[in-house]
Amino acid sequence: MGDHVFRSQQDEQPNQLRLLIMLHNIGATESSKALTIQQISEWTRMEPPELQVHLQKLSELGYVQSFRSEETDKYHLTTDGIRKVLSLYS
Amino acid sequence: MKVGTLTWEYPPRVVGGIARHCEGLGKALVQQGHDVHLFTLDFPGSPLYEEMDGIKVYRASTELGHPNFLTWVLLFNHFLSKRMADVTKTVDFDVMHVHDWLAAFSGISFKHYMKKPMVLTMHSTEVGRAQGLHSPDSFSINGIEWWATYEADIVIVCSQSMKTEICDHFNLPKEKVEVIPNAIDVTKYQISVDRGAVRQRYGVGWGEKLILCVGRLVPQKGVEYFIRAIPAIARRYPEAKYVIVGEGWSRDILETEARASGHASKIRFTGFASDKDVIELMSSADVLVVPSIYEPFGIVALEGMATGVPVVASKVDGLAEVIEHDRTGIFVYPRSPESIAWGIDKVLSNPDHAKWLTENAKETLQKSYSWEAVAMKTVEVYKKVVK
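Heads up: the protein sequence lines correspond to chains S and D, in order.
Residue numbers for the first sequence follow our numbering, beginning at 30 and rising by one.
Residue numbers for the second sequence follow our numbering, beginning at 20 and rising by one.
Just so you know, the hints here were simulated from the structure itself, not pulled from any lab data.
For each residue, glycine too, the CB sits at the ideal point set by N, CA and C.
You may find that some hints are simply not true.
Derived contacts from chain S toward chain D, CB cut-off under 8 angstroms, selection only [to be verified]:
| no. | residue |
| --- | --- |
| 1 | GLU59 |
| 2 | ARG112 |
| 3 | LYS113 |
| 4 | SER116 |
Whole structure, please, built from the sequences with the hints as guidance.
Quick look at the structure:
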């Protein structure tokens, strides 16, 4: 992948938007499909501390929602977050 | 006729105009006695099956995800195909109507496995949306769009400009492409609105102008040129307020642009708004701006015309076919803040002329853009392909 001359559309977005897109595409789109930071890190290959910062910002913007379950925080997209991602490709 | 419809968005999963198009067409087909089964993706809070206005809506749950967008598209098409395969055990469709490339994989599979015709509506193209093919994803999407147009028995587009675009870009024979314009349900937009209360809700006081822009916040909608026009508008109308409705990936960039304009306190980004909120806002605004740089049709202009707000729009693509300059709206040059400011001033400076424009617009709308007419034309297309 590293030899590609062009970058993909996802890579051209700032990290937060890129994370939002990946959360959407891996299916974290409602509370029953919410994921922990560890799970998101495995999917996205982003480090948990960096993820924490981005998820906090995305929560403040209303694109991500979190809740506590079994002593850990879980994250999923809000409907506004879903619409923001889908606007990329429609 | 038993019609299968495939679309990646359907209310309440509303992204752009495709959801509303499928809803309007589907309802009109049902009213004309056709049996419409619609396959789409799930959305939080929506059931996997329901009947909406007579349309049987099947939602596929994407049980497997992947961070890569195109892989995710392949995955959801797989789950859409499974959902369709279940339904085809009991329903013998006459035709499958696919909307845009996103659902093309499922539609093409259906065509070959069920030996049934496939009609494709191309609402836009990747080369138009992205203003070129600048990334590997864009090249892939462009290729899938070509494949879908190749496989379709007939391709429907919503404007002559779109027909020219796809015939040239995909080397399609002209006789394979039918133009059927978009439409709106006019009655939905003619509601009683307390303009004062709506304007107050959005921070617009008595005597202030409300200048509205509605659309997805993506580059093709040209919202940045509208924001760049604001300093010039503000010089002439210092009391004006600007409301930008919509969500999209370029929202952050546009908000930065708004802050840089020096008029951030007068500009409000609402994010995604419900149909009701959009109709109320349009009905309460002094002018609706549609500054798109690429617009295969421009249904938002029709929506504005239906609510009676004067429309100022870029003269591009489908918009150029929907609006008649200085009779049903005002055309401005695309990508030109100066021209946008000029168009807004033309409307705001002459309320009598603006009222005349809106009366003409409503008349045109009722004559030319009804879902009943669209459904009848679409059925003619179905009849051509059904053996």
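Hints, verified against the model:
no., hint, verdict
1, GLU59, "4 angstroms, holds"
2, ARG112, "5 angstroms, holds"
3, LYS113, "5 angstroms, holds"
4, SER116, "4 angstroms, holds"
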